[in-house]
Amino acid sequence: MPKLFWQGGDDKFRDPMSRAMTGESNMEIEKLEGVTVISTDERLDAMIAPKLKQMVKKMSEEASTKLVIDLGKTKFIDSSGCGALVAALRTLLKNHGDLKIARPSPQAKTLFQLTRLHRVFEIHDNLDDAIKSFDK
Amino acid sequence: MGQELYIKIEVIAEMFLLRPLDIFVRNLVKQLPAFSSDQDTVDSIELAFNEAYANISLHAYKSGVKGPVQIEIFVKDKMLEIRLEDYGENFNPAEVKEPDFQNLGESGLGIWLMKQFMDDLVYESGECGQNVLRLIKRIPDQNMSWSVGCSG
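Protein sequence lines correspond, in order, to chains A and B. The numbering of the first sequence is my numbering, which starts it at 639 and goes up by one. The numbering of the second sequence is my numbering, which starts it at -8 and goes up by one.
Derived by calculation from the structure, the hints in this document are not laboratory data. Being a predicted model, the structure only gives us computed values, none of them experimental. The reader is advised that the hints may include incorrect statements.
Unchecked claim - Calculated cross-link-like contacts (lysine-lysine; reagent style DSS-like; alpha-carbon spacing at most 27 Å):
1) K53(B) x K695(A)
2) K704(A) x K747(A)
3) K106(B) x K747(A)
4) K669(A) x K696(A)
5) K747(A) x K21(B)
6) K106(B) x K713(A)
7) K713(A) x K695(A)
8) K691(A) x K57(B)
9) K106(B) x K21(B)
10) K88(B) x K691(A)
11) K(-1)(B) x K57(B)
12) K732(A) x K695(A)
13) K67(B) x K(-1)(B)
14) K88(B) x K747(A)
15) K(-1)(B) x K106(B)
16) K57(B) x K689(A)
17) K21(B) x K711(A)
18) K732(A) x K770(A)
19) K21(B) x K713(A)
20) K689(A) x K711(A)
21) K689(A) x K53(B)
22) K691(A) x K53(B)
Take these sequences, add in the hints, and give me the full structure.
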C-alpha cells in the first residue's frame, strides 16, 4: 500500500531543515496488517500537537481504529506532545479503538515515566511488537 | 567567579520561533563543558525552555497580537540561568495545581515539568511591570571554560 504523506505547510518544496525550524512537519501514515501507523517527525511539540490531535480525531470516525504512534524518529517531545498522545488515546477509546506507542527515545521515556504516562500507554520498543500486540 | 557568558535575544513571541529558539538554546547548553556529555541535562534544559516560551506565546499573549519576549542567558557563579521577560498576562506558579496523574489532562504539565527539570524556578514582576521567569540550573564543580575560545 502506498504511503500517505500529511503535509503540515503550504510549500512542500522547502528543505527539511527550514520545515523543522518553522514547525512544519511530515507525519507519515501507513496501514500494516490492519493497523494504522503514524510515524511522527523529529519533534512532537506544541507546533505539531494540534495537527496530530486533528488527524487522530478524523481517523477515529471509523470505529475500532487500531493505531500505533511510532516515535522512532522523534528525538524531542514536550508537554503538548504528551497531551496530544493522551487526547489521541481518549478519542480512540471512545470509539472502541486503541492506541499503542512504539520506539520512544530516551527523552520520551524519561518524560513518560515522570508523568506516569508509561502506565497509561502500552509502550513497545519495537514497531512490529506494537503492531502484533493488537492480535493478543 | 566573573561572568562567563551573557546572551540576549528579543523577539515577538510568535509560536513559529519556538523551534529555532529551542534548537539554539539546546546547542548553546551543549557547548558548556559541564553539560556537553550529559545528554539528560541538555534534554531537561531544552524542555524547560520550550515549555516557558510556549507558555508565553500561547497563554501570556493568548488574546490578539503577540507581544515581545526578551530572553537572556547567563552563565555566572556556577549557575546557568535562562530568563524570559514578557508583558502578557501574569500568573502565579504557586497557584498552578499539581497534575492529577490518575487522570492526566491534555494540558497543564508545562510549569510542573519546568520545576522538575530545573534546580530553581523563580517567577516575579520586573521594574516595568513585566513578567520575569528565571530558569536556573546549577553547574557542577568542573571546568567552566568554554570549549571554543581563546585560551591566551
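Hints and how they fare:
1. Using a Cα cut-off of 27 Å, the hinted pair K53(B) and K695(A) holds, with the two alpha carbons roughly 24 Å apart.
2. Distance check on the hinted pair: K704(A) and K747(A) sit about 22 Å apart at the alpha-carbon level, within 27 Å; holds.
3. As the CA atoms of K106(B) and K747(A) are separated by approximately 18 Å, the hinted pair is consistent with the 27 Å bound.
4. Our distance criterion of 27 Å between C-alpha atoms is met by K669(A) and K696(A), whose separation comes to about 15 Å.
5. A C-alpha spacing of about 21 Å is found between K747(A) and K21(B), which places the hinted pair at or below 27 Å, so the restraint holds.
6. For the hint pairing K106(B) with K713(A), the CA-to-CA distance comes to about 22 Å; that is within 27 Å, so the pair holds.
7. With a CA separation close to 24 Å, the supplied pair K713(A) and K695(A) stays within the 27 Å bound.
8. Distance hint between K691(A) and K57(B) is fulfilled; the C-alpha atoms sit about 24 Å from each other, no more than 27 Å.
9. As the CA atoms of K106(B) and K21(B) are separated by approximately 21 Å, the hinted pair is consistent with the 27 Å bound.
10. Annotation: proposed proximity of K88(B) to K691(A) holds, straight-line Cα distance about 24 Å (limit 27 Å).
11. Distance hint between K(-1)(B) and K57(B) is fulfilled; the C-alpha atoms sit about 19 Å from each other, no more than 27 Å.
12. The hinted pair formed by K732(A) and K695(A) meets the criterion: a straight-line CA distance of about 11 Å does not exceed 27 Å.
13. The suggested pairing of K67(B) with K(-1)(B) holds, with an alpha-carbon distance near 14 Å, which does not exceed 27 Å.
14. For a cut-off of 27 Å, the pair hint linking K88(B) to K747(A) stands: about 24 Å separates their Cα positions.
15. For the hint pairing K(-1)(B) with K106(B), the CA-to-CA distance comes to about 23 Å; that is within 27 Å, so the pair holds.
16. Taking the CA atoms of K57(B) and K689(A), the gap is about 21 Å. The hint holds against a cut of 27 Å.
17. Simply put, K21(B) and K711(A) have alpha-carbon atoms about 21 Å apart, close enough for the 27 Å limit, and the pair holds.
18. Annotation: proposed proximity of K732(A) to K770(A) holds, straight-line Cα distance about 22 Å (limit 27 Å).
19. At most 27 Å may separate the alpha-carbon atoms for a hinted pair to count; K21(B) and K713(A) meet this at roughly 15 Å.
20. This hinted pair checks out: K689(A) and K711(A) have alpha carbons roughly 17 Å apart, not beyond 27 Å.
21. For a cut-off of 27 Å, the pair hint linking K689(A) to K53(B) stands: about 19 Å separates their Cα positions.
22. For the proposed pair K691(A) and K53(B), the alpha carbon gap of about 20 Å is at most 27 Å, so the pair holds.
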